[in-house]
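Participant: Now for the letters of each chain:
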Amino acid sequence: MAAWTNISGIRQKIADSSAEEVTASYIETIGKSKINGFTTLSDEAINTAREIDANGHEGPLAGVPIAIKENISTKGLSTTCSSKILQGYVPPYDAHVIEKLKEAGAVILGKTNMDEFAMGTSTESSYYGPTFNPWDMNRVPGGSSGGSAAVVAAGEAPVSLGSDTGGSVRCPAAYCGVVGIKPTYGCISRYGLISYANSLEQIGPLATNVADIATIMDVVAGYDNRDSTSINRENTYSDALKDDVKGMKIGVPDEYFGEGIDENVEKAVWDSITKFEDMGATYEKVSMPHTKYALASYYVIAMSEASSNLARFDGTRYGLRVDGDNWHVMASKTRAEGFGPEVKRRILLGTYALSAGYHDKYYLKALQVRTLVKQDFDKALANVDVLMAPTMPAPAFKIGEKIDDPLSLYLADVNTVPINLAGVPSISVPCGLSDGMPVGLQIIGKHFDENTIIRAAYSFEQNTDHHTRRPPEVA
Amino acid sequence: MITKEEVEHVGWLARIEIDAKESDAYAEKLNSVLDYFGQLDEVDTEGVKPTYHVADIVNVFRKDEVTESMSQEEVLANTEHKQEGNFKAPKIM
Numbered sequence: 001m002a003a004w005t006n007i008s009g010i011r012q013k014i015a016d017s018s019a020e021e022v023t024a025s026y027i028e029t030i031g032k033s034k035i036n037g038f039t040t041l042s043d044e045a046i047n048t049a050r051e052i053d054a055n056g057h058e059g060p061l062a063g064v065p066i067a068i069k070e071n072i073s074t075k076g077l078s079t080t081c082s083s084k085i086l087q088g089y090v091p092p093y094d095a096h097v098i099e100k101l102k103e104a105g106a107v108i109l110g111k112t113n114m115d116e117f118a119m120g121t122s123t124e125s126s127y128y129g130p131t132f133n134p135w136d137m138n139r140v141p142g143g144s145s146g147g148s149a150a151v152v153a154a155g156e157a158p159v160s161l162g163s164d165t166g167g168s169v170r171c172p173a174a175y176c177g178v179v180g181i182k183p184t185y186g187c188i189s190r191y192g193l194i195s196y197a198n199s200l201e202q203i204g205p206l207a208t209n210v211a212d213i214a215t216i217m218d219v220v221a222g223y224d225n226r227d228s229t230s231i232n233r234e235n236t237y238s239d240a241l242k243d244d245v246k247g248m249k250i251g252v253p254d255e256y257f258g259e260g261i262d263e264n265v266e267k268a269v270w271d272s273i274t275k276f277e278d279m280g281a282t283y284e285k286v287s288m289p290h291t292k293y294a295l296a297s298y299y300v301i302a303m304s305e306a307s308s309n310l311a312r313f314d315g316t317r318y319g320l321r322v323d324g325d326n327w328h329v330m331a332s333k334t335r336a337e338g339f340g341p342e343v344k345r346r347i348l349l350g351t352y353a354l355s356a357g358y359h360d361k362y363y364l365k366a367l368q369v370r371t372l373v374k375q376d377f378d379k380a381l382a383n384v385d386v387l388m389a390p391t392m393p394a395p396a397f398k399i400g401e402k403i404d405d406p407l408s409l410y411l412a413d414v415n416t417v418p419i420n421l422a423g424v425p426s427i428s429v430p431c432g433l434s435d436g437m438p439v440g441l442q443i444i445g446k447h448f449d450e451n452t453i454i455r456a457a458y459s460f461e462q463n464t465d466h467h468t469r470r471p472p473e474v475a
Numbered sequence: 001m002i003t004k005e006e007v008e009h010v011g012w013l014a015r016i017e018i019d020a021k022e023s024d025a026y027a028e029k030l031n032s033v034l035d036y037f038g039q040l041d042e043v044d045t046e047g048v049k050p051t052y053h054v055a056d057i058v059n060v061f062r063k064d065e066v067t068e069s070m071s072q073e074e075v076l077a078n079t080e081h082k083q084e085g086n087f088k089a090p091k092i093m
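Chains A and B, in that order, are what the protein sequence lines are. Position one of the first sequence corresponds to residue 1 (UniProt numbering), numbered consecutively onward. Position one of the second sequence corresponds to residue 1 (UniProt numbering), numbered consecutively onward.
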């Protein structure tokens, strides 16, 4: 494990020695890894670090290594969405977030494993094989940004980027005992993110602590005219790093503590809320009555958007091609061979939900339910500053436990998908253990009020030691 | 209920070849998910407007200006199937 697990420690080390030494240390750690968190390592990382040393460490992230999810385009570096259909694809351009990280002096270590096309909660559906949870190699790291969370937990990268469509940053953050944020929809440009469900997904950072999350947000958030949903709004996230929740009102939605919740998870989250009370906050129970319908609404919308977004992968211009006598046969054979079972299931369901005769029954209905879910958030957050709930209802499950039962896998997302439907920001922070596995506390805020959830998360971190726990094999 | 014939038809619409042996297994798994989606019928959505996007943005335009684009070489860099500066594909019609 590299010796420096946070950005301030790394920057101090770079000042004392060099960016090259820090990058080399992480590459050495990755070389010994057994978790299969990286899919590709960058050949340029050491050269970039040397250039940063030569240029006097300019930029807020000068020399700081970062890992990038396999669905975020990186010029000259493999970007396959962990799918056979994009095997060998090397983007000719950088995503907006990568441009910003490079401007800030970050060193891109490589690309991280994920559920194929970001569809999943376990990182088992990757063409590159599963990533293993560094806390227990028999368990999943969560998904779909499982690689991005696991490498941070294992000390193979201090920070990483993931993407969150229905909980894909917060779920693996909770399962791996790290911090992850899903920002407000429109807060970070999605230019260069290979889209799965474009009305729901946001890029979000993962780190070992809240201060590093704020630092990365300061760099990557902001307006980009190449993303038509990008919002032009200035903010400095590190301004929120204050140990102060006095007078903060917390709402606790009953519906997020539903049937099937692990009793240790429930206890850890309630202990956390009690801790907030000790720190000067107050809480009240709130009701969000449409929560039980959010999961079905989410999956109809996500699959419908996926069926459209993934239509571009046909073997004509990049990636896998299976030959056929005409274009239709070529595309059909290529997609049958190139997509894995879960991606095919979602495309088929999305195509069915949008087809003649079913559009209103499934897709339109799901969008109407989305409105009601969003109204639940508007009403609940009108009276409180933040909402708190478990990120995941149970700790990480065993590898293979749910892979053949799609519906049981979908049910794991019950506490994260409503947030994406409403587009509000949410952060997951470590708040305890259940049978030795990490538990995540989810703090949800109003649109563009990231600073309040960051302040709450930072205060919690300053007054507890959950975030200091490392996986037993790594510590 | 989605039948195996419908699975094959949806596969054709989605450009994913599904052989007869696979379609039974797909139908079973797709039906369990569609059953779950059926719970949306319980919700009274009379008069509720659909939310397509949460961002309060409409009609985002940019200026109609010519900007630099990628070179033909870059655009073709990810395929072996090219000829005289074009992508090479089998007949479409």
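Bear in mind the hints are in silico, worked out from the structure with no lab data behind them. It is possible that part of the hints are untrue.
Claimed, not checked - Some chain A residues judged to face chain B by a derived CB distance under 10 Å, without partners named:
no.: 1; residue: 191
no.: 2; residue: 283
no.: 3; residue: 286
no.: 4; residue: 290
no.: 5; residue: 297
no.: 6; residue: 362
no.: 7; residue: 405
No experiment lies behind these values; they were computed from the predicted model shown. Glycine is no exception: its CB is placed at the ideal position from the N, C-alpha and C atoms.
Participant: None of the hints should be skipped; say for each whether it holds.
Facilitator: Against the structure, the hints:
The beta carbon of residue 191 of chain A is not positioned within 10 Å of any beta carbon in chain B (closest approach about 13 Å), and the interface hint is therefore violated. Interface hint status for residue 283 of chain A: violated, as the beta-carbon distance to the closest one in chain B is roughly 26 Å, over 10 Å. This hint is violated: residue 286 of chain A has a C-beta 20 Å from the nearest C-beta of chain B, more than the 10 Å allowed. With a cut of 10 Å, the hint placing residue 290 of chain A at the interface with chain B holds, because the nearest CB-to-CB distance is about 7 Å.
A least Cβ separation of about 7 Å between residue 297 of chain A and chain B falls short of the 10 Å threshold, and the interface hint therefore holds. A cut of 10 Å between beta carbons decides the hint on residue 362 of chain A: the least distance to chain B is about 6 Å, and the hint holds. Because the closest C-beta pair between residue 405 of chain A and chain B is about 9 Å apart, less than 10 Å, the hint holds.
When held up to the earlier numbered hints, the structure conflicts with 1, 2 and 3 and fits the remainder.
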